[in-house]
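S.K.: In order, the protein sequence lines correspond to chains A, B and C. Per this note's numbering, the first sequence starts with residue 1, numbered consecutively. Per this note's numbering, the second sequence starts with residue 1, numbered consecutively. Per this note's numbering, the third sequence starts with residue 1, numbered consecutively.
Honestly, the hints are just simulated from the structure, not real lab data. Glycine included, C-beta positions come from ideal geometry on N, C-alpha and C. You may find that some hints are simply not true.
The following label-pair restraints were derived from C-beta to C-beta distances [unchecked claim]:
hint, chain 1, residue 1, chain 2, residue 2, range
1, A, Q170, C, R138, 49 to 59 Å
2, B, E355, C, S164, 34 to 44 Å
3, C, L35, B, T439, 45 to 55 Å
4, A, R7, C, Y274, 30 to 40 Å
5, B, D235, C, G130, 52 to 62 Å
6, C, Y274, B, Q77, 43 to 53 Å
7, C, Y274, A, W193, 53 to 63 Å
8, A, L197, B, G568, 19 to 29 Å
9, A, Q170, B, D384, 53 to 63 Å
10, A, D194, B, D371, 57 to 67 Å
Here are the chains, one letter per residue:
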Amino acid sequence: MLVYTVRRIIGAIPVLILASILTFVMIDVSGDPLAEVRMAQPPPSPEVLQQAEERLYLDRSMPERYWLWVTGIGGNGDIGLLQGEFGPSTQGPQYDIGSNIAERLWTTLRLIGAAMVFALGLAIISGVISALRQYSKLDYTLTFVGFLALAMPTFWFAGIMQAAGVKFNQLVGEQVFATIGDGRFRAQGEPLWDQFLNAFAHMALPTIVLMLISFASWSRYQRTSMLEVMNSDYVRLARAKGLRNHTVIRRHALRTALIPLTTVVAIGIAGIIDGAILTEVVFQWRGLGDFFITAVDNNDSYALMGWLLLSGVVVILANLIADLLYAVLDPRIRYE
Amino acid sequence: MFKRRKSLALAAAATSAVLVASGCSGGGGGEDEGGSKEVTWVINSLPGAWQATSLAGGSVYVIQMLSGILPYTGQWQPDATYEYNMDVLAEEPTLVNEDPDEGPFEWSITLADDAVWSDGEPMTGEDLRVTWMLGTNPEEGYCAGCDPRASTSNDKVESVEVDGKTATFQLKEGLADPEWMGLFDAHSQSGGFYPAHLAEENGWDVDNPDELGEFYAWLHAERPEWSGGPFQIVDGDLENEVVKERNPNWWGEEAPLDRITMPYNTDEGTFVNAFVNGEIDGANPADYSEDVILQLEDVANAEVTVAEGATWEHIDINLNNEQLADVELRRAIFTAIDRDDIANRNFGAGYPDYELKNNHVFGGDSPYYVDHFEGESQGTGDIDEATSILEDAGYELDGDTLTLDGEEIGPFRLRSTDSTVRNTSVQLIQSQLAEIGITANIEMTDDLGGMLSEKEYDIVQFGWSGSPYFTGNANQFWHSESGSNFGGYSNDEVDELAEKAINASDLDSAAEFTNEAMEIIVPEAYVLPIMAEPNYFFANSDRLVNVHDNLQSSYRATYNIGEWDIAG
Amino acid sequence: MSENATPGSARRDPAKKVKDSADRTQLQTIMIRFLRHRPAMISLIVLALIALFAFVGPFFWMWDHTVYREIPSNQPPGGVHPLGTSAAGHDVLGQLMRGAQQTLKVAFTVSLLSTIVGSMWGATAGYYGGRVDAFMMRVVDIFLIVPLLVAAAAIAGNTGAGASWYAIALIIAIFSWATIARVVRGVVLSLREQEFVEAARASGASAPWIIIRHLLPNAAGPIIVAATLLVAIAILAEAGMSFLGLGIQLPDISLGQMIGSARTAVSTRPWLFYPPGVLLVLICLTINFIGDGLRDALDPRQTRVRR
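Chain A on its own, in the form it takes in the complex (with noise of 0.2 Å):
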């Protein structure tokens, strides 16, 4: 298994390195980098978009930049992942995108992890009573929910959260909901209750969002996957046998139905990765969906090739992981 893990390892590296000549090139031609500065009013003079296109290393080829991106060797110290450096900003020299890429993480790690932990466990629920009761109303109902919440867009249903969040407020006239920012700069020195009822506040509705995306999709899933289970010999076997109901489901049927979840959930980053993106604009937070929206704005490439190696990673980890779980959950597979 380990062998098998490194191999994978290895394997992803020539699949990040041509993703990144890829979305390099795509960058690249999307425009120039400096258009909005050349806009400006008063314009700036040519000594300073000089000094700019140098910093930013635009009087180098693309091939070259790429190269300077990957190794350094010859640039000014600020670049070259093989140092550890992202690259210069279009954002100014004060930008500096490693930490921002560190800081943001965080932010959005404790909004992806909460909604996937919800989405996860009502997911099996949702997904287990629907199959127990297939064809019940209780069945109908989690099933039109799911698709409903498939069918919206994340902007749309956000913001009907966050006029939901704030129409409760007045309701129990308290400000239960916050529905801008995660509120970092709030609560600070005050008891813990507060600090907690804060946190609170500004993540609930971002994570109803996000989590209620993933969570159709997989109860679907989780639907399907037990009702094969349920009808698979062995089942009928331990049924047969005389145990009872509840022990069958728990004990073999629910644990042989979480398999397939397992691999849906692990691919399914990526999407939340893209929902993230959405939410985080409606819900103002600055994690690392603002972050690709701005650098995306900002013809920002570095910025952009730093984000993309870090959700690449992810990408990549989360199907290994998916695929080394397959192994430990389902004995009959076997990595050598």
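On the provided structure of chain A, position chains B and C as indicated by the hints.
M.R.: This is chains B and C only, laid out in the frame that chain A set:
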């Protein structure tokens, strides 16, 4: 829409500011928590840096973030009058010599005796000198690696003499600067002036260009612990918000508020909910948004004002297109365009008092305002007039297609960026031009700067931002050698007037030259101004006192942050 | 899915009424199962009506999606403009038809393109296995890593005419075929060891023939389901891109773009906010139900469970 692509145009405001109070105030219950006076005020985008001199930091959002922190020598007021900051100044700055023929153009500024930084160090003429050097083009040799966004005024200065609280400025030979009083005011490149003694404290010698460059980088990269205004920053970052509390060493009248939180919010779609929910007390958004305005007007405790802002929309023609080189065709095109229709459909609902822009540089309230479009058919949408202009010039309609000597006129590329206002506008222009037989194909772009400088358009709509300081405008827009004169207009007389305006010794004569240049430009049908985009402002009228918009200033409503108060 | 249509049943005269369910061809069984899936059938009818509205409607409606000087600003629904007008002077009904049309065009193009490319790619990789498989699946990984929005930003900024519907469709397709390829490869991996493939190989059939004639038809179930769901995914992707200003650009219009620009108009001009939103949710909802019905119909094991 979400994309905001105008942050770098450090917009002050158009000279006219008709403050239209259309808000409904009163009602509801404002609460005051525990005696502490706190306000949450939205900044409409992320500040790019901690100071505004650099390319990355040059936005109104940085300026607003620094409100109450950065000391400045003066500022334009909401009523378009200029006011010196007499907290900071000992006396109004004096012009020593205003005639460049009699020696160098020269003035002096003296800071108030009791003016101190938040660490107790006195403000001196040295602060002004160092701020000037930090804002010069690196070619001048004062500051290595600095990237000031608009160094023109700083680069005119030859030398600065410091004597205690006084700094005396001399311009280079033969130069004059009609905007001399503005070098360290709220509208300047830096938005004020910096504490020079902090360079020394950090071990940098300000007269060594490399070390001054390090000071420059430090100023832009570090959250200012220092302050020269009624407040100081106690917490925050460049991504989420800043928190300000009173500056204990402020020597002026004590600010009424205890604490101001300024969250950065890029999405106007969130304003109404956050306001109703009590999370924010108000904002001065950068973009006009009809629905947000209308919704806020229905909220009982919201005071909303809408007025003409700094950015004005205009239609430009590319003279490099052979067909469009004919002035009669251009006149006909501009005549067919109905400016009032465009303005009304864009702004009529939220701002029914809009006015068309008849002067490229001065707003209707400016003392220098002259109506350059009086009696002019351009922009009226008069199709008959447009058709007769074309007929007189020998153009013929072949079916629905306009031709000259049997050759089809157009189709032209009608371009702009993808914003609601511009979309509406170009679609209307398209249908208006169709009525005189000209086909215009709409092509939107994301990269306005690139498109303009590559001259990849025939007709384009975009915006310039105006400012109470106008003397460089004619030069930037119409001088044949200007990098921003995208359509390739060239006229020796206009060139000369533009140069004179930038080098005039006072604002009055600069305005005269600018108006003369416009008088020549208008009949040439090169640029058709439409109107200034309105800006809105909203605030919690139950809680806030003494808060109102200032469209003359980049600070907007925060221009008098030291006087903000809570009701009751 | 492992059971294969026998040559005998395929040759049966379709006009002849079949009473005995054991005699039904597989296709007929699936059809009947699908027809009995009530939510799916209702959804299919609703979707067909929406498509009719989007594609045929414009021929019978006087206004299209562009600005007209004759159309007054900001009229609430009623009279000549049943769904009202925008500030600029659009007829909202005309916009809605065009928007739905463009959205459906994007979604189905994405689904079609990704399914063709993805299933060929996945089947080829799965059939050959080994190094070919490893290489082809690494390529798939690349497309799973590069974010859709980067491509969208790149292309939206560069196409001279702004992003047209086919450009948007192409961008989304480029980044969604990879998921289909994965699904198909998985199915083909398990199919290729089965006897009928062995038999075909032994009788000298070429690899492309085996893939197209034997493997893909047997993987049809999962492919059809994935392709259906991709339609809904593409619609939402386009909506998200529009919200960020990277989708279809004006003067052309899509439902996502209408929702995005009317996001602040909920209470002030609800006629701009609700119609495109409801229509978009309806389209996605019906497609999901259809996908569900297809899944049930194609996978006999699921429908058998009755307790």
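S.K.: Against each hint, give a clear statement of whether it holds in the structure.
M.R.: These are the hints, each one checked on the structure:
In this structure the hint that Q170(A) and R138(C) lie 49 to 59 Å apart at CB holds, the actual value being about 54 Å. Roughly 37 Å separates the CB atoms of E355(B) and S164(C), a value that falls within the hinted 34 to 44 Å. Restraint check, L35(C) to T439(B): a C-beta distance of roughly 51 Å satisfies the suggested window 45 to 55 Å. Checking the proposed 30 to 40 Å range against R7(A) and Y274(C) shows it is violated: the Cβ atoms sit about 54 Å from each other.
With their beta carbons about 59 Å apart, D235(B) and G130(C) fall inside the hinted range of 52 to 62 Å. Against the hinted window of 43 to 53 Å, the Cβ-Cβ separation of Y274(C) and Q77(B) comes to about 44 Å, which satisfies the hint. Distance hint check for Y274(C) and W193(A): the Cβ-Cβ separation is about 41 Å, which falls outside the suggested range of 53 to 63 Å. The hint said 19 to 29 Å for the Cβ distance between L197(A) and G568(B), and at roughly 26 Å that hint holds.
Restraint check, Q170(A) to D384(B): a C-beta distance of roughly 57 Å satisfies the suggested window 53 to 63 Å. Remark: the range hint 57 to 67 Å for D194(A) to D371(B) is upheld by a beta-carbon distance near 60 Å.
Violated hints for the displayed structure, listed by number in ascending order: 4, 7.
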